[in-house]
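If you read the protein sequences in the order shown, they are chains D and H.
According to UniProt numbering, the first sequence holds residues 1 to 97 in order.
According to UniProt numbering, the second sequence holds residues 1 to 179 in order.
Everything labelled a hint here was simulated from the structure, so no lab data went into it.
Since the structure is predicted, the reported quantities are computational estimates derived from the model, not experimental observations.
Mixed in with the good hints, there may be bad ones.
Said to hold, decoys possible - Pairwise CB distance ranges (calculated): (1) H/Asn9 / D/Val5: 14 to 22 Å; (2) D/Val38 / H/Ser17: 18 to 26 Å; (3) H/Val179 / D/Ile39: 25 to 33 Å; (4) D/Ala15 / H/Leu160: 21 to 29 Å; (5) H/Leu156 / D/Glu12: 45 to 53 Å; (6) D/Tyr64 / H/Cys21: 53 to 61 Å; (7) H/Ile109 / D/Val5: 19 to 27 Å; (8) D/Phe35 / H/Phe32: 47 to 55 Å; (9) D/Phe35 / H/Gly164: 31 to 39 Å; (10) D/Phe35 / H/Glu99: 45 to 53 Å; (11) D/Gln41 / H/Cys21: 12 to 20 Å; (12) H/Asn9 / D/Leu27: 18 to 26 Å.
Each residue gets a CB set at the ideal place from its N, CA and C atoms; glycine is no exception.
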Amino acid sequence: MMFNVQTHMDFEGQAKAEKISRLIITLFGFVGLIFGAVIQQFSQTIYILAAGFVLALLITIPPYPLYRKKPLNWQKSRSQSSSESTEASSSKKTKQK
Amino acid sequence: MHTVLTRGNAILAYTLSVLACLTFCCFISTVFLDYRTNVKINAVKTLVKNVPNYGNNKELNDLGFITFDLQTDLSGLFNWNVKQLFLYLTAEYKTQNNELNQVVLWDKIILRGENAVLDFKNMNTKYYFWDDGNGLRAHKNVTLTLSWNIIPNAGLLPTLFGIGEHSFKFPEQYTMQPV
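Looking at chain D on its own, in the form it has when it is part of the complex:
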């Protein structure tokens, strides 16, 4: 693949991204509500919330290194082809049971 870009986050990164995005949107919504109430323009509330939405997209959608600090430690794959085949056959047997 020409565009094989890795976009995943690790588990802790996902939790962090969700937390940050919710914080940003809630904060902008709250500030927008106060500001809109003060100047009595509900459209300003919506624009401020939209700004928070865009900021949350920019900050939490791209998989920055911040969200990939704790990758899972996968076991190393077994390289021998013989062991792979025995594994496959044994798994087949367990399925038949």
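Fit chain H to the given chain D structure using the hints.
Just chain H now, with coordinates in the frame of chain D:
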């Protein structure tokens, strides 16, 4: 939150939830306000004619002609949950045929930001004041009221009556010459 799309979806969904919540806050902040205010109405010219109503049954029906003064300050009614007001002037009267007749004679839309301090002198009506019979001539008690319908960003569409009304009489004689 694993892929780009799931993250985008989660953020969009949460933003829309927050938007609904904010809209509800806007609604709840204005739902208990009192949107009534004082109105001064006065009927200046009152004439009544007896002419065929070609729009209805082609019989001779009473057609009232009035001009009115209207004075009110509606600027206090606007807030962040009022987009526009729809004003309408109603004539109410009782005839032998009907316990209650209501005829809308005039209306006006005031958008937020437009001049809401109204001071009209000798205004003509926009709509015909037809009676469905011959109940207008020498009628002793026709009442003019101003009502408004509030068009909000979110919430209820209340219809309110202005405080203050004006009652007038129609003349005893039909007017023969053209108005």
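Tell me the hint numbers this structure goes against, listed in increasing order. 3, 4, 6, 7 and 8
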